[in-house]
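Q: Please build the complete structure, drawing on both the sequences and the hints.
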Amino acid sequence: MIANIPLPARDGPFEEGFWSALDAGTLAHQRCRDCRRWHFPPRHRCSDCGGALAYEPVSGRGRLWSFTVVHAPVLPAFAPFTPFVAAVVELDEQPGLRMAGYLVHRAGDPINAVAPQSLTIGMPLRAVIQPLSEDVRWPQWELISEDETA
Amino acid sequence: MSLAGKVAIVGIGQTAFGKGLVPPERALACEAIIAALDDAGIPAQEIDAVSSYTMEATPDYEIVRSVGLGPLHFFSQAPHGGGAGPAAVGHAALAIASGVARNAVVWRARKRSGAGSRVWAQTGAVIEDVWKWSRPSGILRPVDEVAITTRRYFHEYGDGSEALATVATTLRDYAQANPAAMMHGKPMSREAYFQSRMVADPLRLFDNCLESDGACALVLTSAERARDLPGPAVLIEGFSQGLVPGTQPMPDFHRTDTFTNSSAITAANLWRQTDLTPAAVDVAQFYDAFSPLILFSLEAYGFCGRGEARDFILSQGIGAGGALPVNTAGGSLSEAYLHGMNLILEGVRQLRGTAATPVADARVALVTGCDATPNGALLLRRPD
Numbered sequence: 001m002i003a004n005i006p007l008p009a010r011d012g013p014f015e016e017g018f019w020s021a022l023d024a025g026t027l028a029h030q031r032c033r034d035c036r037r038w039h040f041p042p043r044h045r046c047s048d049c050g051g052a053l054a055y056e057p058v059s060g061r062g063r064l065w066s067f068t069v070v071h072a073p074v075l076p077a078f079a080p081f082t083p084f085v086a087a088v089v090e091l092d093e094q095p096g097l098r099m100a101g102y103l104v105h106r107a108g109d110p111i112n113a114v115a116p117q118s119l120t121i122g123m124p125l126r127a128v129i130q131p132l133s134e135d136v137r138w139p140q141w142e143l144i145s146e147d148e149t150a
Numbered sequence: 001m002s003l004a005g006k007v008a009i010v011g012i013g014q015t016a017f018g019k020g021l022v023p024p025e026r027a028l029a030c031e032a033i034i035a036a037l038d039d040a041g042i043p044a045q046e047i048d049a050v051s052s053y054t055m056e057a058t059p060d061y062e063i064v065r066s067v068g069l070g071p072l073h074f075f076s077q078a079p080h081g082g083g084a085g086p087a088a089v090g091h092a093a094l095a096i097a098s099g100v101a102r103n104a105v106v107w108r109a110r111k112r113s114g115a116g117s118r119v120w121a122q123t124g125a126v127i128e129d130v131w132k133w134s135r136p137s138g139i140l141r142p143v144d145e146v147a148i149t150t151r152r153y154f155h156e157y158g159d160g161s162e163a164l165a166t167v168a169t170t171l172r173d174y175a176q177a178n179p180a181a182m183m184h185g186k187p188m189s190r191e192a193y194f195q196s197r198m199v200a201d202p203l204r205l206f207d208n209c210l211e212s213d214g215a216c217a218l219v220l221t222s223a224e225r226a227r228d229l230p231g232p233a234v235l236i237e238g239f240s241q242g243l244v245p246g247t248q249p250m251p252d253f254h255r256t257d258t259f260t261n262s263s264a265i266t267a268a269n270l271w272r273q274t275d276l277t278p279a280a281v282d283v284a285q286f287y288d289a290f291s292p293l294i295l296f297s298l299e300a301y302g303f304c305g306r307g308e309a310r311d312f313i314l315s316q317g318i319g320a321g322g323a324l325p326v327n328t329a330g331g332s333l334s335e336a337y338l339h340g341m342n343l344i345l346e347g348v349r350q351l352r353g354t355a356a357t358p359v360a361d362a363r364v365a366l367v368t369g370c371d372a373t374p375n376g377a378l379l380l381r382r383p384d
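Protein chains in written order, with this note's numbering: chain A, 1 to 150; chain B, 1 to 384.
Hints in this document: simulated from the structure, not taken from any laboratory.
Incorrect hints may have been included.
Here are the simulated SDA-like cross-link-like pairs (lysine to any residue), alpha carbons at most 20 Å apart as the crow flies [stated by the list, open to error]:
| hint | chain 1 | residue 1 | chain 2 | residue 2 |
| --- | --- | --- | --- | --- |
| 1 | B | 132 | A | 9 |
| 2 | B | 132 | A | 123 |
| 3 | B | 132 | A | 21 |
| 4 | B | 132 | B | 254 |
| 5 | B | 132 | A | 52 |
| 6 | B | 132 | A | 120 |
| 7 | B | 6 | B | 274 |
| 8 | B | 6 | B | 74 |
| 9 | B | 111 | B | 77 |
| 10 | B | 132 | A | 76 |
The structure displayed is predicted, hence computed values, not measured ones.
A: Next comes the structure, spelled out in structure tokens:
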């Protein structure tokens, strides 16, 4: 955990199911009951077909979509960790279903654990749910081998 | 019904641009507005519309009281930070074209040269807005957000580092001819660009806009009245805003096709309104808080195909004498970062023939808002 990290408010509309899944150590996203499209960030109804949405668990498997290496100056909470990788992951469930999160070798690693030289866009990743603070959890993304994607 | 040719920009004004300017933001705004009114030859009391950005710190009534404008019939603010500039002008133009108002002032004033004034640096302990989904994961600053989309763009279309260097050095070259530019007298070699420190890999220090203090203002009136004014008029040929469904400003990577974004929405509706095409554009002012936004905008507005902006910049050129001169006063990278309002003024100067680096016989100019947010664009032309 990073001390004094800015935290996401948990009381936004349409997102209770997202946070409660993370509280239970799982990752879930909204899915349309009609067209079966996945959606993130949360919304009121399916923005493709207008259908009703419900939270469903996802596999937690994804691929590195892109990343940057963040150098100083940054917010004070992150300053001890620069430079570090900030990444966006595309979930296996659907093209465009993407989330941000730390890249790690093992669950609980700090934000700067992974060297950018070891990264290639499209490499496989696996979600491990970790605390951002006492009250908020978020997936870290563990680097895995192609053999582990099966 | 069409906006084309009904409204003219008849006055422009600006303060000095720099770091640590002494006057407060409100005083800078007044100075720029008075300069624009003097340039237009329209008395302050005849201004009955004002327009600015939602991020503007000075309320409209303070401007009206301080400068002696009004009474007002129309007042507007355009949202989305750097996406707002063309819309601030466009809203005022629509008010004039529809007869709601007769004469408008559009302005933007900013004191951003202090590090603490940066918007991202003011992130609180709890994030309520869309940045809650990305900032706790270390995507902290706008440059980090644009760096992530830029790396993905390089992955899909090939490394664009050389094109970014050409953008940064070309804009710096333009600033050498522009005494108002903050980087005037500070030329930059390609080598110096590549030696600058990384801020958010692959983006370096000189891929980032300046942090500036200053103000810019414009005066608009009907094309009919513009013919009776002493100065040169520039006509608004087209205007649109654009917001692509699913956009999340600014970490805009939640849509399947990240690179068909709000700029594409703006562009399609802009070109729909006119017989002019990208080939008719003599000079472009693309919003450039970060150098890759110029690549993305070249493609979105139809100057080249998807993934071709690198080649366009390197082989056809955006410098003086290039196929499409871009950000000819130095832009946000080397003139000043007035949230894009200085880009609009440069578009006007080009069509007046008064730019520091004039494009020969420029008749049509494009000015765009930020590619990474909901945005807008103006197509400007010289009267026939």
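Q: Now tell me if each hint is right for this structure.
A: For each hint, the structure was consulted:
1. Annotation: proposed proximity of residue 132 of chain B to residue 9 of chain A holds, straight-line Cα distance about 7 Å (limit 20 Å).
2. In summary, the hint linking residue 132 of chain B to residue 123 of chain A is not supported, as the alpha carbons are separated by about 25 Å, beyond the 20 Å threshold.
3. Between residue 132 of chain B and residue 21 of chain A, the direct Cα distance comes to roughly 17 Å. Compliance with the 20 Å bound is thereby established for this hinted pair.
4. For a cut-off of 20 Å, the pair hint linking residue 132 of chain B to residue 254 of chain B stands: about 14 Å separates their Cα positions.
5. The suggested pairing of residue 132 of chain B with residue 52 of chain A is violated, with an alpha-carbon distance near 24 Å, which exceeds 20 Å.
6. As the CA atoms of residue 132 of chain B and residue 120 of chain A are separated by approximately 26 Å, the hinted pair breaks the 20 Å bound.
7. Only pairs whose Cα atoms come within 20 Å are accepted, and residue 6 of chain B paired with residue 274 of chain B is accepted, the gap being roughly 13 Å.
8. Distance check on the hinted pair: residue 6 of chain B and residue 74 of chain B sit about 18 Å apart at the alpha-carbon level, within 20 Å; holds.
9. For the hint linking residue 111 of chain B to residue 77 of chain B, the alpha-carbon distance of about 19 Å falls within 20 Å, and the restraint holds.
10. Restraint check for residue 132 of chain B and residue 76 of chain A: satisfied, since their Cα atoms lie roughly 17 Å apart, inside the 20 Å limit.
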